Amino acid sequence: MKKMKKYIIASVLALSTLFVAQAQGSKSTIYPTALELNQAKATWFNSNNAAGMILTPLSDFGTLSVGYDWKVGDYKLQQEGNLKTLDINTSGSRPLGKARVWGEFSYQNITQEDTKFNTLRLTLDPDMPYILADSRLSYFKKQTYNMTMKAATPVLWDLVAFGATANYYTKSGAKQIDPRCESFEYGIEVKPSAVFTFGDHSAGLTFMYKNAFDRYSPLNSNNQQDQPAFNLRGVGTFVDVVVGSFGGLGTYYYKTNRLGGALQYGYQGLNAKVLAEGYYTYQVIDVFHSPSKPRRMGSTIQHVAGGNLQTVLEGDSFTNKITLDGYMRSTDGIEYIQMIDATYEVQQWVTIAKFIRSKYDFTGLSLKYDLYKDSGAGYDWMAGIQGQYTDRLDTYILPESSFKAENVYGEIYGKKNFMVGNNSIVVGLSAGYNYNIAGEHIYNGPFPDSEVIRELYEKDLAILSANYYQFGINLKAIFPMGEKSTIYVAASCKYLRSDEELHNYSYGTDTEGKNFWWNLNPGPQLTPSSRTFANFSIGFTF
Amino acid sequence: MKKYILIAIVLLTAISCEQFKQVAEIEEVTPISANVKISAAGISADTPLPSSYTVRFINYGENFEISKTTDASGNVSTSDLIPGVYTVTATGESAGGGFTYYFSGSLTNINILTGGQNFNIEVASSKAGALILKEIYFNGSTGYYFKDQFYEIYNNSEEVQYADGMGIGNILPTQASTATYNWEVPDGKPENYIYLASIWQVPGDGNDFPVKPGESIVIAQIAQNHTAIKPTSPVDLSGAEFETFIVNQSVNPDNPNAHNMILAFDKGVFGTQWLVTVFGGAYAIFMPDKEIDPNGWVKPQGKSDQAYPIPIDCVLDAVEIVNNATKINQKRMPTNLDAGATFTGATYNCNSVSRKIRETKADGRHIYMDTNNSSDDFQLNSVAMVRRNNPGVPSWNTWYKK
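Here the protein sequences come in this chain order: U and E.
By our numbering, the letter at position 325 of the first sequence is numbered 325, and the numbering carries on one by one without gaps.
By our numbering, the letter at position 151 of the second sequence is numbered 151, and the numbering carries on one by one without gaps.
The hints are simulated quantities; they were obtained by calculation from the structure and are not laboratory data.
These numbers were taken from a predicted model, which means no experiment stands behind them.
The C-beta atom is built at its ideal place from N, Cα and C for all residues, glycine as well.
Be careful, since some hints might not be right.
If you want the ones that stay clear, here's a sample from chain E, every Cβ over 12 Å from chain U, calculated [what the hints assert, rightly or not]:
hint : residue
1    : Gly61
2    : Ala179
3    : Pro234
4    : Val269
5    : Met287
6    : Glu291
In silico DSS-like cross-links for lysine-lysine, where the CA-CA straight-line distance does not exceed 27 Å [claimed, not checked]:
hint : chain 1 : residue 1 : chain 2 : residue 2
7    : U       : Lys98     : E       : Lys3
8    : E       : Lys21     : U       : Lys210
9    : E       : Lys3      : U       : Lys210
10   : U       : Lys293    : E       : Lys3
Could you put together the complete structure from these sequences and hints?
Structure (structure tokens):
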């Protein structure tokens, strides 16, 4: 870990040096609003194809910011908690010879309070059913380091450019209340790519590979008191387990491999840019327990298929951008039937059968339109509207259970850039509304009255099936420093409140008293809940 | 450098492919069927058979259980099983000649992975257990105090029982774990025995220690008033009938009233007291069919542990105690002695396990559950108690103060 931190620090210093060096060559002030607009126009940069970055390059810039985030309030998933995050971020883009490079590094120090039903994971994933959970109110301390770089060669032979995206992250953290856990997550992703140009037209392809490894060691500080916990298996099913000093649980580890590919088509005319992309990834995560005598806890197979279309239309004084995204994710949860092979020389868990036991499907569609009134400092004002549709359906096959949440969300937003001399003050407002189309949890597994059902799934369903509205305001004051650098101070706040049409629940048993059903019906409201998002940051552009 | 990058790419791709290959072509789970036939061939013709048996398909790994009742021929089928590893138990009950007879049999850790499999369960009968382990306090009290362990044994029958010569001990492995012991016994039939780490025997010549119906005897690790020695301890064992006193040591005092048990086999006794793990042992009481030979131990294959084999036929009662719920499928006791397991889930918190009351007779005498399944028969008590539910005290115990 110490060695890795050295590399991270060295990388940050190298990146800073890079930006300082490139800062010598440009004379215009780099306003954050200009960077925002620049990134919106850089259609290839927003795709999975780094090679295409040479076709729609970002401008030369460097940024460094330090911020503090709050996400607090009762409108939260049980595992989510309230978050307080110190965030340090630096990024930059510049030419390197005839090639083009972009890099970003971020560090986060996170305190996650009032979280339940997650004993292990630093990164929550609704498509990973196999986790250890406990019902005690607890909190996590986390640190994350994330580095991403993109590089693109110049167009060679007037035909093709090559590029690559690489991302490396490492996360460490610990749950602070028994049953507690020491958690580590590491991952690396590479995306080599190529783009072929034919006049105004271009086509690209990308290969994607990701490898990740997560390790979690549950333990108790008070070794006289074992702590009950649940090995979750999806949609409310679980097995009772105990975290204890002796005879309890050992280390959990998750191994991830992902392969994928993407195809792109781009058009770049005088005033118009279009980029269409389709992509597919295939990912397998294996979850094991106790490395010295490994036992499979489960696996997930995930297929993701998606596409997006970016259209940028640039007029004399206006820039229009339309973005359409579609996304489908299908995950199978595999459980293994294992027995100990008692043969003296062997003595290990042996898989005797494996089945797909659960499925997790998610569909997302979004359409976004942004309009920018151009100015020398990026934009004079901008306005946008977006709509989003999401549909989550989790199914446990036997005993049959399901969890569904289907929502549509709409938002309008805008910003005005007030110039005072060379100084800039950007004021933004946003308003959004979420309408729940459907929400239901039907459970037929064992222990229907357990805390997992009552305290986790029931309450999460209330959140995921709520109608809510939210309003936001953001301010950014930007002050030029020297010929091109700026310093800025930014603050934002967003308030979300569920409205009066939350649902209630009813449940019962069938005539034999065995199958338990529980579902969602429209009815009197639960207590409305709210959530506040706030951020304060200070940063530099150079 | 390029060579290393190329090797890394090839290796990573190979690892991915192996992982992908392992999850290829896995099918969705579907419910499957199974058929069970109960056989009572080994039961004496004098014993009245039950009209039907209750058959339970228990998948401990999934908290899944289906219970069915056989027809008069002892056949039952189910079509609602999730493929998995099951313990299938069959229990029945009949009455005749003034006695209650219990019938039980089981199949343990059987793979039911495909539909239509047939299973036979051979049941054995027993009269309602006479001497039974009624309460076991093993996990100690706050402050890492473990000298207050005790075992209460109760006469659950209608007849006077004699404790003389009765043995008590815990079997190996000491704790429930995935470690397995492949015992090597002279007759080559390891499944016919349990393997005790230590054996303590009640002294007496055969009729010195009668226990009447509804009476209990207490075997203390140390027969002292522990509430005075360690205020966190919940029990006064000064009135115990027996104690497992270690001779030739002076750390723990000898209670002159309590009879000292005889340490007949001592491979599992260390130090100054008989300490059985506070995480939960697997205990048995038995009447040996021959004198215990201190050198009659056997060993498991590849291990140095030594244990004394006691034929299963000699066992009066057995109880499996595991650390917690996660350990039930790592039980040690043969399922024909105990098809389940009980636990407290914690240590040094004064918890105990005791049998549930099955019925109470007109004279106030309790009959405790004894279906040879500790998961069903036992309850968890937040505080251990000597002679819970007011059993009788043998008349020869003149030092017990009520």
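Hints, verified against the model:
The claim that Gly61 of chain E is not at the interface with chain U is violated, since a C-beta of that chain comes within 12 Å of its own (minimum 7 Å). Once the 12 Å rule is applied to beta carbons, Ala179 of chain E is inconsistent with being away from chain U; the minimum gap is 7 Å. Even its closest Cβ contact with chain U, about 16 Å, leaves Pro234 of chain E beyond 12 Å, as expected for a residue assigned away from the interface. Every Cβ of chain U is farther than 12 Å from the Cβ of Val269 of chain E; the closest lies at roughly 21 Å, confirming the non-interface assignment.
With a minimum CB-CB distance of about 30 Å to chain U, Met287 of chain E clears the 12 Å threshold, and the non-interface call stands. For Glu291 of chain E, the shortest C-beta to C-beta distance to chain U comes to about 32 Å, beyond the 12 Å cut-off, and the non-interface label holds. Restraint check for Lys98 of chain U and Lys3 of chain E: satisfied, since their Cα atoms lie roughly 25 Å apart, inside the 27 Å limit. Taking the CA atoms of Lys21 of chain E and Lys210 of chain U, the gap is near 17 Å; set against the 27 Å cutoff, the hint holds.
Our distance criterion of 27 Å between C-alpha atoms is met by Lys3 of chain E and Lys210 of chain U, whose separation comes to about 20 Å. Restraint check for Lys293 of chain U and Lys3 of chain E: not satisfied, since their Cα atoms lie roughly 35 Å apart, outside the 27 Å limit.
Going through the hint list in order, the structure does not satisfy hints 1, 2, 10.
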